[in-house]
Structure formats: C-alpha cells, structure tokens
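So the protein sequences, as listed, match chains A and B.
Every letter in the first sequence is one number past the one before it in the numbering used here, and letter 188, counting from 1, is 188.
Every letter in the second sequence is one number past the one before it in the numbering used here, and letter 161, counting from 1, is 161.
Hints are not guaranteed to be accurate.
What the hints assert, rightly or not - Some chain A residues judged to face chain B by a derived CB distance under 8 Å, without partners named:
(1) SER17
(2) ALA18
(3) LEU27
(4) ASP29
(5) ALA34
(6) ARG144
(7) VAL147
(8) ALA149
(9) LYS194
(10) THR238
(11) SER242
(12) SER349
Unchecked claim - Cβ-Cβ distance ranges computed for the label pairs, FRET-style:
(13) A:GLU318 to B:ARG70: 56 to 64 Å
(14) A:ASP273 to B:ALA79: 55 to 63 Å
(15) B:ALA152 to A:ALA263: 46 to 54 Å
(16) B:ARG37 to A:ALA270: 31 to 39 Å
(17) B:GLU125 to A:ALA157: 12 to 20 Å
(18) A:ARG191 to B:LEU180: 13 to 21 Å
(19) A:THR342 to B:ALA79: 26 to 34 Å
(20) B:GLY163 to A:THR243: 15 to 23 Å
(21) A:ASP105 to B:GLY163: 49 to 57 Å
(22) A:THR28 to B:ARG70: 37 to 45 Å
(23) A:THR243 to B:ALA79: 16 to 24 Å
(24) B:GLU120 to A:ARG84: 54 to 62 Å
Unchecked claim - Per the computed footprint, the stretches of chain A lying under chain B, defined by three or more beta-carbons under 8 Å from a beta-carbon of chain B, are:
(25) 3-15
(26) 116-122
Quick caveat, the hints were computed from the structure, so don't treat them as lab data.
Each residue gets a CB set at the ideal place from its N, CA and C atoms; glycine is no exception.
What follows is each chain in one-letter form.
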Amino acid sequence: MSIDIRASRAAHGAHESAGPVDPAARLTDLRREAADRRRAGAVLAAAIVAVVIAGSAWYATAHRLASDQPVEPARPPVDTTAVRTTEDFLGALRDARTASGEQLDPAVDRVFSYLADDALVTESFGSPEELRWSLAWERATAWREMVDACVQTGSDAAGTVIECPFTFHGIRSEEMGLGPFRDNNWRFRVRDEKITDAQWNFNIDTGFSSQMWEPFERWVSTTYPDDAAVMYNDASHTHSRSTTEASALWERRTREYAAQEIASREDYRARADAICTSAHARLNAELAAAGMALQPIPGRTDLDLVPGREQDWPAYEESARGILAETVVELRAVDPPNVVRTDYLNAYSALVRGTQNEPIQPGTESWANYIDGPAHDLGLNHCTFNIRRSG
Amino acid sequence: MTSRTRAADAGGDGRPLEKDALVPGADAKSFDAFYAREYRSLVALAHALTGSRSHAEDIAQEAMLAAYRRWDGVALLDAPAGWVRRVCANISTSFVRRRVVEARAAVRLRNRRTEVTELEDDDAEFWSVVRRLPRRQLQCVALRYVCGYTVAEIANVLGCADGTVKAHLARARSTLAQRLGEPIDEEAAP
C-alpha cells in the first residue's frame, strides 16, 4: 500500500470519527458562548485557564514524543556522548539567541548542525529561517530560557533519551517581577551523536498563559487592534507573525505593556498602603478613646496593651477585627492589576481570615505571618494589626 | 468562571439566547448554513492534527467562533471555508492556545455524556506519526488528505507560495514513507 493510499484511508477515518457530531446542537452552544463573551468582555480562555490551574493535572505531552514505544528507565552506563550532544545543542541555541548581524546565520547553522537530516523537531526548528524568526520574536519579547543539567532517562534501539528541565521568562515577565515559569523540559533522542528527535515541552499549569500570554493578548487586541492584526498571523491570535514589522511591534507593545503594568502595580501598592495606614490610625484612635493603655511593639507600628491590662484584650480585638473587616472591603473595591492579581487576592483572603476568630486549620498559613512575610511588599503591612493571638 | 462553565454545558442553563447574538450586518442564515456545512470537516481536521476526538470538537468550535465574530468580513472572502480551516489548523498546532481549548473540553465533557468515536488502530498510528512532523508539514498533510485541497488551495489557506507547499508535502511524504515502511507512489505526488 503506498503512503498516499494509506493517507487517504486515514483521512477517511478522521471524517468517519466526526460523523456522530450534531452541528445544530453545537451551533446553539456557539451562539450562547458568543453572547457570554460579549457580556463579560473577555476573550478566549481566562476562566478556562483558571480551571486548569485550579485542579487539572500536568498535561501529558506524550503525543509530541518521538516514539510511542515505552522508554526503559536509565541504566548504567550513561551515554555521555549523547548528553554532551544535547548540552552542546542547547549551548548553540543559547549563543544563537544572543547573536546578531553577521554572527546570526552561522550561529543558527551551528544549532542545526546537531540535528540529523531527518530529525523530528518541535516548532520553530523546521528550518533555519523558521528558527531565525523565532529568535527574533524571543528577542523582541525578552524571552530567557534557563536550562538545568541534562539527564539520560532512557535508551532503546532508536537511541538515547535525554531530558533537560528548564524554566523561562517571556513577554517581559522578568521585568514585571513574574515567573520564571517552571516544570518544563526539552526531551531529546540522540543516535550516533546526532539529535533525531527534539521536543520542547511546556507546562501550562505554572502560570505563563494566565499571567503573561492571555493578559497581553487581551490588552494589545483591545488597545491596538490594528497592530494585533500585524503581530499575530491568524484571527484567533494563536501564533506570532514572522515579519520584520511584526517583530518590531512585539518589542514596542510588550515594552509598553510591561511599563504600564509596573506603573499600575506601584499605584495599587500606594493605594493599599494609604488605606491600611488610615485604618491603622483609626484603630489607634478608637482604642485610645476607649481608654485602653497601649504601648509600642518593637519593630512594629501598631500598639499592644500594656502588661497587666489583659482584661482589655477582648475589646481590643473586637475593635481591631471590625476595622480590619471594613478595610478589606475598601481594598477590594478596586481590582488589582493582572501582574499582581494573584498575590493580592491571596493576601485579601489572609486578611479575611484575620477578621474571623477561627483556629488555624492544619496546612493553612497564619494570616499574620503571610502579611508580614510574602505580602509585605504589597503595601499591606499596616493592615496586620495585633490580633495574631487568635490566628 | 461559573457562568462560563455553565455556558459550555451542552445541557444549557435556562438562560434565553440573545436575539442580537450576531454581529451587525451579518446574515444569520448564511452563517448557519456555513456552520452546518463545514463543522464536521473542521472536527475531522482537528482530530487528525491533535489525535484527540474530544478536543477536536472544541478546537473546531473555537475556529467557528472566530468566524462568527467576524462573519461580516469572512463571508465576503473568496473562500470562507479556507479561512476557518486555517484558524482551525493554527489552533490545533499552537502550543499555548491548544492547551487552553483542551482545558475547556475537559470542563465540557465532565458536564455531559457524549459518544466519542476514536480512530482505528492503523489510522491512529498514521496520524500519530504525522503529528511528529514539523508544524507546516503537518498542516500541509492534513489539508491535503483530510480536506482534499490542491497545492494552490493549501497555499492560499496557509498564506505561502505553491512551491513551499510542494516542498513541505514532498518532505512529509518521504518522512512518512520511511517511518511507516510504506512506498511512495510517485504518480500520486501533488
């Protein structure tokens, strides 16, 4: 049977598989979805990605692997030549990322020199031209890939399997204080000192889509729709366009977006600090008006009861929890910017726990420790008050 | 998130559809006919490109949603079907967008029962090898054999030259023949 006949039969099989589909029912779904999106003002996948982050497992990329055959676990001796080949390939790629002008083409050629002629490769490595465009996009968006040590994970007749974990920054995440995004890996198969299969595997669960790709796409599509039409090569904005004009726009608009997000983060932090400082002052005034004897707490700006006045503690705490509850409402009245949204929502949840006189549940971080620790840079340190005794 | 999940539920949530769901100026009947005519083909195309029948429906739906939102422009194209197939092909082979749509499919399938028809073993093996081709070769093969497109039509869909499509198809056929141990019929070359 020729490859064309087999392809035709496989195509027929694909059409057969679509047979049970009911277009009328799906058309109803489509109209409803279009109406929902227009009401919400959201684009494709913000909530969907939230579902993924909330509960789904690491997405298996098995279909991108070179072979469907199971790979045996690594056994000694280690194929050091294969490991070195992959490390050299990644080193060449790293050099190509920083090359420019007359040095770019030789650097790209060097990357391809490690690939077998019939290598099966991931996106962007289909040809030297394709890689050049990919590198141009990476430079425009401040992409940075940090690869850990490569490890042999298997070996069979088709070659030695090498995995190289990496983290990365993209769309100027590093400038915005987000990322790096973890739990990704390169997976190679090496035979006779040539890479016969190279797959770049990316973990959607660790935040790049929800924190960087989707918010930027929403912003540029809304703010600069004509530029977005140039920057993306399709109407659904799934892939960047490979042109000089598009690369220039990617650099210009990601710079603008990052600057805007950083500025809005600073503005939001200042707002939070002002709200908490005001709440702090209100509490001190309320406690003083109630005749409570207070003293400073070393290293803090809020006040504690003086020794011997423990009988005032319930009234002290009631005032503190009440003002904190009012303060949380005021803080939440304005949504935090995308770049720090998760941090603030977690901090607000911690503050809410502070307003409730509940025991600390196992596995739940003390709300006060949270505010004093990771959330300190959010401008919320004046919202801690002194009610840590009850959790 | 809750309302979006309910919207994805084929069982519905009781909310009435908006009468003005189409963009202004669009022809509701023509889109409906286009959808009925093209949807199954899109599912077949996405199934071949992704290997997942359940995700293929949602990728096809996503491509149709893009067409729906821009229907007043898409309807005026010489080949609206080519436009939506390009969108479908790009979503299917995009590492970011595709995983987002697949998460949507996971939500949808939890909420309704559906019969999922998978491929026969030989066909599944064929498409499994096809999906390991470089992206453009993969798309060319799928458009050639699943959609039955000529070289010129594939070039129009993907926005490249005829010669580029021929090169992609030639290399893809050679790789597939080697990997699957099947001969190449030179007379069948596009």
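Results of checking the hints against the structure:
For the restraint placing SER17 of chain A at the interface with chain B, the shortest Cβ-Cβ distance is roughly 5 Å, inside the 8 Å limit, so the hint holds. Because the closest C-beta pair between ALA18 of chain A and chain B is about 4 Å apart, less than 8 Å, the hint holds. With its C-beta approaching chain B no nearer than about 5 Å, LEU27 of chain A sits inside the 8 Å limit, and its interface hint holds. Interface restraint check for ASP29 of chain A: the shortest CB-CB distance to chain B comes to about 6 Å, inside 8 Å, so the restraint holds.
Hint status for ALA34 of chain A relative to chain B: holds, with the closest Cβ pair at about 6 Å, below 8 Å. Taking 8 Å as the C-beta contact cut-off toward chain B, the hint placing ARG144 of chain A at the interface is violated, the least distance being around 17 Å. At a threshold of 8 Å, the smallest CB-CB gap from VAL147 of chain A to chain B is about 18 Å, leaving the interface hint violated. With 8 Å as the threshold, the beta carbon of ALA149 of chain A stays out of range of chain B, its nearest partner Cβ sitting at about 24 Å, so the hint is violated.
The beta carbon of LYS194 of chain A comes no nearer than 16 Å to any beta carbon in chain B, farther than 8 Å, and the hint placing it at the interface is violated. The closest approach between the C-beta of THR238 of chain A and any C-beta of chain B is roughly 4 Å, which is under the 8 Å cut-off, so the hint is satisfied. Of the supplied interface hints, the one on SER242 of chain A is violated, with its beta-carbon coming no nearer than about 11 Å to a beta-carbon of chain B, more than 8 Å. Proximity of SER349 of chain A to chain B is violated relative to the hint, the smallest CB-CB distance being about 16 Å (cut-off 8 Å).
The supplied range of 56 to 64 Å is met by GLU318 of chain A and ARG70 of chain B, whose beta-carbon atoms lie about 58 Å from each other. Range check, ASP273 of chain A to ALA79 of chain B: Cβ separation about 57 Å, and the 55 to 63 Å hint holds. Between ALA152 of chain B and ALA263 of chain A the Cβ separation comes to about 50 Å, which falls inside the hinted range of 46 to 54 Å. Look at ARG37 of chain B against ALA270 of chain A: about 56 Å separates their beta carbons, and that is not inside 31 to 39 Å.
For the pair GLU125 of chain B and ALA157 of chain A, the supplied restraint of 12 to 20 Å holds, since their beta-carbon distance comes to about 18 Å. Judged by the Cβ atoms, the range 13 to 21 Å given for ARG191 of chain A and LEU180 of chain B holds: they are separated by roughly 19 Å. Roughly 43 Å separates the CB atoms of THR342 of chain A and ALA79 of chain B, a value that falls outside the hinted 26 to 34 Å. For the pair GLY163 of chain B and THR243 of chain A, the beta carbons lie near 19 Å from each other, so the given range of 15 to 23 Å is met.
Against the hinted window of 49 to 57 Å, the Cβ-Cβ separation of ASP105 of chain A and GLY163 of chain B comes to about 22 Å, which falls outside the hint. Checked against the given bound of 37 to 45 Å, the beta carbons of THR28 of chain A and ARG70 of chain B, roughly 20 Å apart, lie outside it. In this structure the hint that THR243 of chain A and ALA79 of chain B lie 16 to 24 Å apart at CB holds, the actual value being about 23 Å. Between GLU120 of chain B and ARG84 of chain A, the C-beta spacing of about 42 Å breaks the proposed range 54 to 62 Å.
With 12 residues having a beta carbon nearer than 8 Å to a beta carbon of chain B, the segment 3-15 of chain A meets the requirement of three or more and the stated coverage holds. Taking a C-beta to C-beta cut-off of 8 Å, the segment 116-122 of chain A contributes 3 residues in contact with chain B, enough for the three needed, and the coverage statement holds.
Violated hints for the displayed structure, listed by number in ascending order: 6, 7, 8, 9, 11, 12, 16, 19, 21, 22, 24.
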